[in-house]
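Here the sequence shown is numbered in my numbering, starting from 7 and rising by one per residue.
Among these hints, one or two may not hold up.
[Stated by the list, open to error] Derived lysine-lysine pairs resembling DSS-like cross-links, with alpha carbons at most 25 Å apart:
no. : residue 1 : residue 2
1   : Lys69     : Lys80
2   : Lys80     : Lys11
3   : Lys44     : Lys56
4   : Lys44     : Lys17
5   : Lys22     : Lys11
No lab work stands behind these hints: they were computed from the structure.
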Amino acid sequence: MKVWKASVASKDKEGKEAIIDLEFVDYYDATNTNIILKTEYFQSIIEKSKNKENYHLSGGLVKLSSPEGEDFSKHSFFLILGLDTNNMLLGILLGELEEHDFKFVGFYPPFLQNELKKEPDLIRGLPVLLLDKEDIWQSVNIIAPSIKQETSD
Numbered sequence: 007m008k009v010w011k012a013s014v015a016s017k018d019k020e021g022k023e024a025i026i027d028l029e030f031v032d033y034y035d036a037t038n039t040n041i042i043l044k045t046e047y048f049q050s051i052i053e054k055s056k057n058k059e060n061y062h063l064s065g066g067l068v069k070l071s072s073p074e075g076e077d078f079s080k081h082s083f084f085l086i087l088g089l090d091t092n093n094m095l096l097g098i099l100l101g102e103l104e105e106h107d108f109k110f111v112g113f114y115p116p117f118l119q120n121e122l123k124k125e126p127d128l129i130r131g132l133p134v135l136l137l138d139k140e141d142i143w144q145s146v147n148i149i150a151p152s153i154k155q156e157t158s159d
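From just these sequences and the hints, can you work out the full model?
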């Protein structure tokens with residue numbers, strides 16, 4: 007199983023900065039198919055972060071490594087993580103293409119790969135659930151790459 011490793015800046019219960027490490031299963035490796043999400047999908051979920059209390063946008067993706075160990079932190083990748091009403095965290099990793107569409111690169115949690123054999127549409131439908139089923143999510147977080155301020159000496 008090929009995995010993408012993401013480090014996300016967050017805050018713990020006391021409000022202190024924390025880094026959360028997540029592993030996203032490579033979608034193509036798991037399914038042997040690609041899914042391309044149109045620009046409109048991403049624009050729609052960003053719009054929800056402006057209009058819905060439980061949808062949030064942040065710049066907390068601090069590190070991203072490919073299954074081969076290559077650093078993709080400075081590339082245009084986004085995480086969308088949803089915490090459902092049963093406290094299950096589900097997520098997708100999207101990579102922006104040159105045409106401004108998005109490739110479905112990975113999914114979280116890794117154990118969903120086992121469900122693919124029984125329910126192949128489960129993971130393919132995850133982007134739609136994150137966008138359209140607002141009532142099943144406690145929160146949905148759209149996480150963009152962190153922008154670090156560079157200082158000059």
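Results for each hint:
Our distance criterion of 25 Å between C-alpha atoms is met by Lys69 and Lys80, whose separation comes to about 8 Å. With a CA separation close to 14 Å, the supplied pair Lys80 and Lys11 stays within the 25 Å bound. For the suggested pair Lys44 and Lys56, the alpha carbons sit about 20 Å apart, so the restraint of at most 25 Å is met. Taking the CA atoms of Lys44 and Lys17, the gap is near 31 Å; set against the 25 Å cutoff, the hint is violated.
The straight-line distance between the Cα atoms of Lys22 and Lys11 is roughly 22 Å, inside the 25 Å bound, and the hint therefore holds.
The earlier numbered hint that this structure contradicts is number 4, and it is the only one.
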